[in-house]
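Asker: All chains should be built: construct the whole structure from the sequences, respecting the hints.
Under my numbering, residues 1 to 312 are what the first sequence spells out, in order.
Just so you know, not all the hints are guaranteed correct.
[To be verified] Simulated pairs of lysine-lysine, DSBU-like, Cα-Cα distance not exceeding 35 Å:
1. Lys179 <-> Lys214
2. Lys214 <-> Lys30
3. Lys179 <-> Lys231
4. Lys231 <-> Lys214
5. Lys179 <-> Lys239
6. Lys30 <-> Lys179
7. Lys30 <-> Lys104
8. Lys239 <-> Lys214
9. Lys30 <-> Lys231
10. Lys109 <-> Lys30
The set of hints was computed from the structure by calculation and includes no laboratory data.
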Amino acid sequence: MSSPLAELDDAHVQQVRTRILDWYAANARKLPWREPETTAWGVLVSEVMLQQTQVARVWEPWLAWMQRWPGPADLAAAEAADVLIMWGRLGYPRRALRLHETAKAVVEKHDGQLPADPELLLQLPGIGEYTAAAVSSFAFGIPEVVIDTNVRRVHARIFTGVGAAAPSLTAAERQLARKLMPDTSTEQGVADANTWNVATMELGALICTARAPKCEECPVLAQCAWVAAGKPEPDVVAKTQSWNGSDRQVRGAIMGVLRAQGTVDVGRLRTTVEATGRLGRHIPESAQWDRAVTGLVDDGLAVLSEDVLTLP
DNA sequence: AAATCGGGGAT
DNA sequence: ATCCCAGATTT
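Answerer: Take a look at the structure:
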């Protein structure tokens, strides 16, 4: 099949843009980090928390976090242990450490002001291509091309006619996303481009969902190549690693104990962690305990000293 | 390109 | 039970 870019028809693209922008104007969720008084730093904190964690689970932790540490200088001055405790059960606690490091870097290298330039944002720990573009666009009004999992799926369906995007972001997807951005040569165009970013994500989150898309409510149902093709099933994706018995489950259970009591004697680690019930029926071998502890220490999430494991 | 890294809501 | 989630980083 020929490249989807070859088939891109300006009138079609215009219609899709208008319909999605109109849909967003009427259907955008009211999320706390979208309130006009939210600072750029607040937007960054939300984006990091939202990396692989759903909106519903981020909502309250974000509010509590911003109340405790409103700006980068506040977070930079915090103890890593408190940062990890505050991160709570959001998952992937390395994100919390990297955000802490980013706060320090903003204070030390950027005079306490989060940079707006995506190239500078990219150099900060825990900020990758998506987050840099998202912060530039949402917090600073710079019309970067924002591509997250929602955007990829929406583009794949409407313009490529497939049910799901490829496993990892391709050059063709970047090219398509760039071509779909509203023209930014006018002030209105810049505003539209920034709204287009968030609107496409919102459509993917609320209507064009991965599992059971609500096509009957979709503003671009009539423009969708996937629908036109009869909604062919996506290729089966590789099965995700099972959670029960995984190293991640063990690491998570250990972190749970450390967040709750700050420290644990390694001789009691096994009993203490198993008593939390967070491992279910899984009884790790000693090699897995070793891997988990070593991994947490290597990642800076825990410190081992005198046979005692503690938060950093 | 593939593996690793949490945790829970949704189906 | 399995899928999926406003990804980033390392191998």
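Asker: It remains to establish, for every hint, whether it holds in the given structure.
Answerer: The hints, checked one at a time:
1. Lys179 <-> Lys214: holds, 26 Å
2. Lys214 <-> Lys30: holds, 20 Å
3. Lys179 <-> Lys231: holds, 24 Å
4. Lys231 <-> Lys214: holds, 12 Å
5. Lys179 <-> Lys239: Judged against 35 Å, a Cα distance of about 33 Å means the pair holds.
6. Lys30 <-> Lys179: At roughly 29 Å apart (the allowed maximum being 35 Å), Lys179 and Lys30 satisfy the hint.
7. Lys30 <-> Lys104: Since the Cα atoms of Lys30 and Lys104 sit roughly 30 Å apart, the hinted pair holds (cutoff 35 Å).
8. Lys239 <-> Lys214: Distance of about 25 Å is within 35 Å: holds.
9. Lys30 <-> Lys231: Satisfied, since the Cα-Cα distance of roughly 31 Å is no more than 35 Å.
10. Lys109 <-> Lys30: holds, 34 Å
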